[in-house]
Amino acid sequence: MIQLQHIERVFMVGEEEVHALRDVNMAAEAGEYIAIMGPSGSGKSSLLNILGLLDRPDSGSYELDGTLVSNLDEKQQAAIRMHKIGFVFQFFHLVPRLSAFDNVALPLVLSGVKPDERQTRVSAALAAFGLSNRARHRPDQLSGGQRQRVAIARATIMQPSVILADEPTGNLDRSSGIEVAEILEELNHQGMTLIMVTHDPEMGKRSRRQVLMVDGRIEGRTREDRGQ
Amino acid sequence: MFKHGIVVFPKSMRLRDILTFSLRAATANRGRVLLMLLAMTIGVGSVVVFISLGDSARRYVIDQFSSLGTDLLIVLPGRSETTGGPPPLLGETPRDLTLDDAMALSRGRTVGRIAPIIAGSAPISVQGLEREMLVLGSTAELYEIRHLALSQGSFLPPGDPSRAEAVCVIGLKGKKELFGNGPAIGKWLRIGDRRFRVIGILSSPGVSLGEDLGEIVIIPVAAAQSLFNASSLFRILVEAKNSAAIEPTRKSILETIRLRHEGEDDITVITQDAVLTTFNRIFKALTLSVTGIAAISLVVAGIMIMNVMLVAVSNRRAEIGLLKAIGASRGQILGLFLAESTLLSTVGAAIGLIVALLSIQLAGVLFPQFPLQLAPWSPAIAIAVALISGIAFGVLPAHRAAELEPALALARR
Ligand SMILES: Nc1ncnc2c1ncn2[C@@H]1O[C@H](COP(=O)(O)OP(=O)(O)OP(=O)(O)O)[C@@H](O)[C@H]1O
Ligand SMILES: [Mg+2]
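Same order as they appear, the protein sequences are chains U and P.
Going left to right, the first sequence walks through residues 1 to 228 as the working numbering numbers them.
Going left to right, the second sequence walks through residues 229 to 641 as the working numbering numbers them.
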């Protein structure tokens, strides 16, 4: 369960203040599927970064699964990112020198999981995403769709409760885009909360709820929005 | 439950994984890393070589002194400035050290052997062949005191030191120069305008204490006195009966001479101990200062590590952002980058140590007479240097990586 209240985020660009988020309030039930939409520069990524604890709001509170995470210290927030949040990016952000296997294993390595347990978990994840025969390939030897599947495998290897995806299909052709969306939706079916930023109205329509952002605010409500 | 389960006690990376990750990250950027390894190799290598050179030189000199015998005291005419006391009056010349002084010293209770020495250089000739050589005037006891060895014949005969018998003992090299491969024992040679009969030939111990024992002629001290027309001794070597007797012997020598020199302390007594300590000090200071100069190259290496790591951090911003996004804490990022710089500098230091070892062995082959040796503590120094510079010069880049804002690092703008 996610609860954002009165989130403000202001960037200083030279002398000028840029309000990326203005009094954002948002709630998401566990297992929801939300699409965040809106014009470029409206604050979608800023919102997702706050949700993923990649950025801190200037004010406001953020509650995740009953913990007031906006009050936690850096180390504790890192642990939340590790165990509760899976992040998927438009540009995949795979480590170029590591194989698909090692990229997926990274969160397990960081949290000190033993090698033999890593082996079984990563192999299972790669198999689930149809990547078994690509385990030893480096990212530059994979197609865009395969890279994004590796990235999703990595984001979900720790069994997070929330998946945050910032334009996950933005860099893919139509068919791999749909493939990736289906994978994310399947994970949502298994119970993970899915929050996805997208420009594509077709993608947006697939979600159960759409949140429209304009100029740093959440604008009215679109389809099925149960509101605050 | 969650608060106490995961947030408060996050597990950390396994050491092996840290090393593997850092190694792969470090080796991904070959050119710069090789350059840095080269700098570290040169830095550690030169420090280790210089330390070892200094240490070997120190050991060499000390071995040379020790070969003189450890219970040795050397009596020199003239007061040494370093013994303290009031400076000599203007124009005062020290009284000569005479053969009688030496005889008086030999009566000391704690004195074992004693050898008065007169030294000078003189032309030595045999049938038109002439060589300038060092001439030592001494007594039979010099043989034992200086641990000399003969290849043929006998040494100076024992007996009254004031008897100027016309016999001599000659070094091996000098013998070859004057007599070739023919026999020399019993032959006569000329020193200045006097004739001496060769009674012994030294075997070749090489150089001892700066004197080439190969080109030397030893004659009775009284003969040397009249040859050089001087009654003053160059020095007196005194051997104490045992090492416990060194200090009492020194005191009694000073006392005896003071009595004989009208109350003047106009000699210097050097003990083996004091000489060794002084040399030790000098060589340690020398080694340290040369090493200090070599250490500058280590600073250069350190700065290169810093440079390589700073470039790595800015090249890998996205990777750092990603690591944070999947749950790496600031401390973990710091640790990973410190591990990387320490790994690099350790490998550099290891190569430097090997290079130093090889070059010292090579020098040992090229100059076999000078016993070169890797200083025993230099591997420890190399490792310490590697760890310190890897950490010290890695801190700034690692800190920069750790402080990176993940949202910013992952954004493509
Ligand atoms: N680090 C930053 N420094 C300065 N301004 C920023 C920063 N990050 C975001 N902004 C500004 O905040 C506003 C919101 O940016 P954000 O990236 O959230 O938009 P977005 O909705 O994701 O846009 P897009 O669809 O183009 O990705 C923009 O005006 C942007 O210029
Ligand atoms: Mg965006």
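One or more hints might be untrue.
[Unchecked claim] So the derived list for chain P, only partly shown, Cβ under 7 Å to chain U, looks like this:
{"id": "1", "residue": "R242"}
{"id": "2", "residue": "L243"}
{"id": "3", "residue": "G259"}
{"id": "4", "residue": "A394"}
{"id": "5", "residue": "S542"}
{"id": "6", "residue": "R545"}
{"id": "7", "residue": "A546"}
{"id": "8", "residue": "R558"}
{"id": "9", "residue": "E631"}
[Claimed, not checked] Residues of chain U placed beyond 12 Å of chain P at every Cβ, according to the derived structure:
{"id": "10", "residue": "P39"}
{"id": "11", "residue": "R136"}
{"id": "12", "residue": "D166"}
{"id": "13", "residue": "K205"}
Just so you know, these hints were derived from the structure itself, not from any lab.
Note that the Cβ used here is the ideal one computed from N, Cα and C, for glycine as well.
Each hint tested on the structure:
1. R242: holds (5 Å)
2. L243: For L243/P, the interface hint is violated, since the closest Cβ of chain U sits about 10 Å away, which is over 7 Å.
3. G259: Given a least distance of 15 Å, the restraint on G259/P is violated.
4. A394: violated (88 Å)
5. S542: Constraint on S542/P not satisfied, violated at 15 Å.
6. R545: Hint violated; R545/P Cβ to chain U Cβ min 11 Å, cut 7 Å.
7. A546: holds (6 Å)
8. R558: Given a least distance of 5 Å, the restraint on R558/P holds.
9. E631: violated (10 Å)
10. P39: About 17 Å separates P39/U from the closest Cβ of chain P, which puts it past 12 Å; holds.
11. R136: Check passes; 14 Å lies beyond 12 Å.
12. D166: D166/U not clear of chain P: closest Cβ-Cβ about 9 Å, inside 12 Å.
13. K205: holds (27 Å)
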